[in-house]
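A.B. asks: Chain by chain, the residues run as shown.
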Amino acid sequence: MQSHFWEASLYGMPVHVNTLIMVAVALVILLSITRLLTSSISIRPNRLQVFAEMLYDFCRSITFSSAGKRGDTFLYYVGSVFFFVLTCNLLGQFPLKIFELPHGELMAPTGDINVPAALAVGSVIMYFFFGLKAKGLKYFKHYLSPLPDLMAGQSLPVKITYAMFFWPFILLNIAEDLTRPGSLMIRLFCNIFVGEILTGVAHSASHYLLPIAVMGIELFVAVVQAYIFAMLTNIYISLLSEDHDHHEDEHDASHASEEETKVPSLAFA
Amino acid sequence: MEAATTYTIGGPLAMAIATIGPGIGIGLAAAAFFNATARQPEVRGPLQGVFFAAAGLIELMALLGFITLFL
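In order, the protein sequences belong to chains A and B.
Whatever position you read off the first sequence (first residue = 1), add 8 for our numbering.
Whatever position you read off the second sequence (first residue = 1), add 230 for our numbering.
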């Protein structure tokens, strides 16, 4: 395991230089593509602009599916995460062995557990931010989650009985804030890391056709994992920033699903 | 010697057992998705995202089995 990384020390903290290089490459690719696609925006769109709008529509379909028009407030984060994870995953499929490093080797940045961990922490920060922004301090009420619904309109002894039996749910709700980023991190990291291992195993079995088939599967996995990461981030944000006192949101959401079925969806698989 | 044997047999065996449940789970989810798409083809777009999200949630079980390889 040690030999895969080029470890250096920055202010006493260990950093993986090969991962940093790949993240920098991913950012440069993303920013230059964005710059290229939005270079000539006009009312009569040219091909680049149509392509950019297609990508935007795809990201919007992610947030629209669970949050409706309310999703436009956090569309920028979900879309950025989708394209960043997608670029990082796909970077692993390039022939990176041709670049020689002093230590370790270049690989997909999401195959190092630190990048998915950072993204997962970012997701937690964003759902706390949007939850607190939408609901204020009432946000913390969801930690009591089944109790307020059960207790509504009950007499005091019944309330006390419910509290006696359902208090462990509070611990579960608090633990959810840890398991959510943990599961996001492990899902992304394992899928990409297993892909690297699987390509190596296929390469040791046969030098010619087998690795190509595995790398084809890897392309699919890269897109699906980026989609799942963005989708789950979007679901967490929209779930926790939902205000139950206002029912217009649900109305919007039902309209959105109707629109969704009419418009041909941008299916990628 | 013994520890190495335990790793080479026990780890992959744990991984193999861990994949049974998610395999069944994703199979059921995919079957339900195909059924729904066959009955109502227009529901394919919205369901696709939900299906992939659910598949990702189920997949985590197998990945946790993979993590045990390194413990």
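Watch out, some of these pointers could steer you wrong.
As the list claims (entries may be wrong) - 20 Å max Cα-Cα, derived SDA-like pairs, lysine to any residue:
{"no.": "1", "chain 1": "A", "residue 1": "Lys77", "chain 2": "B", "residue 2": "Ile250"}
{"no.": "2", "chain 1": "A", "residue 1": "Lys105", "chain 2": "A", "residue 2": "Val202"}
{"no.": "3", "chain 1": "A", "residue 1": "Lys149", "chain 2": "A", "residue 2": "Leu227"}
{"no.": "4", "chain 1": "A", "residue 1": "Lys167", "chain 2": "A", "residue 2": "Glu184"}
{"no.": "5", "chain 1": "A", "residue 1": "Lys77", "chain 2": "B", "residue 2": "Leu277"}
{"no.": "6", "chain 1": "A", "residue 1": "Lys105", "chain 2": "A", "residue 2": "Leu227"}
{"no.": "7", "chain 1": "A", "residue 1": "Lys146", "chain 2": "A", "residue 2": "Phe177"}
{"no.": "8", "chain 1": "A", "residue 1": "Lys149", "chain 2": "A", "residue 2": "Phe91"}
{"no.": "9", "chain 1": "A", "residue 1": "Lys146", "chain 2": "A", "residue 2": "Lys105"}
{"no.": "10", "chain 1": "A", "residue 1": "Lys146", "chain 2": "A", "residue 2": "Leu180"}
{"no.": "11", "chain 1": "A", "residue 1": "Lys77", "chain 2": "B", "residue 2": "Pro276"}
{"no.": "12", "chain 1": "A", "residue 1": "Lys77", "chain 2": "B", "residue 2": "Val280"}
No wet-lab data here; the hints were simulated from the structure.
A.B. asks: Quickly compare the C-alpha distance for Lys77 (chain A) and Leu277 (chain B) to 20 Å and report which way the hint goes.
C.D. replies: holds (19 Å)
A.B. asks: Measure nothing beyond the straight line between the CA atoms of Lys77 (chain A) and Val280 (chain B); if it is 20 Å or shorter, mark the hint as holding.
C.D. replies: holds (18 Å)
A.B. asks: Please work out if Lys77 (chain A) and Pro276 (chain B) have their alpha carbons no farther apart than 20 Å.
C.D. replies: Judged against 20 Å, a Cα distance of about 16 Å means the pair holds.
A.B. asks: Are Lys146 (chain A) and Leu180 (chain A) close enough, with their CA atoms no more than 20 Å apart?
C.D. replies: holds (19 Å)
A.B. asks: CA of Lys105 (chain A) to CA of Val202 (chain A), is that 20 Å or under?
C.D. replies: holds (18 Å)
A.B. asks: Assess, step by step, whether the Cα of Lys149 (chain A) is no farther than 20 Å from the Cα of Leu227 (chain A), and give holds or violated.
C.D. replies: violated (42 Å)
A.B. asks: For the pair we were handed, Lys167 (chain A) and Glu184 (chain A), check the Cα-Cα distance against 20 Å.
C.D. replies: violated (25 Å)
A.B. asks: Hinted pair, alpha-carbon criterion (20 Å max): Lys105 (chain A), Leu227 (chain A). Please report holds or violated.
C.D. replies: holds (18 Å)
A.B. asks: Can you confirm whether the C-alpha distance between Lys149 (chain A) and Phe91 (chain A) stays at or below 20 Å?
C.D. replies: Not satisfied, since the Cα-Cα distance of roughly 33 Å exceeds 20 Å.
A.B. asks: Between the alpha carbons of Lys146 (chain A) and Lys105 (chain A), is the straight-line distance 20 Å or under?
C.D. replies: violated (52 Å)
A.B. asks: Are the Cα atoms of Lys146 (chain A) and Phe177 (chain A) separated by 20 Å or less?
C.D. replies: Given pair Lys146 (chain A), Phe177 (chain A) holds - Cα atoms ~18 Å apart, limit 20 Å.
A.B. asks: Could you grab the alpha-carbon distance between Lys77 (chain A) and Ile250 (chain B) and see if it respects the 20 Å cut-off?
C.D. replies: violated (40 Å)
The structure shown violates the earlier hints numbered 1, 3, 4, 8 and 9.
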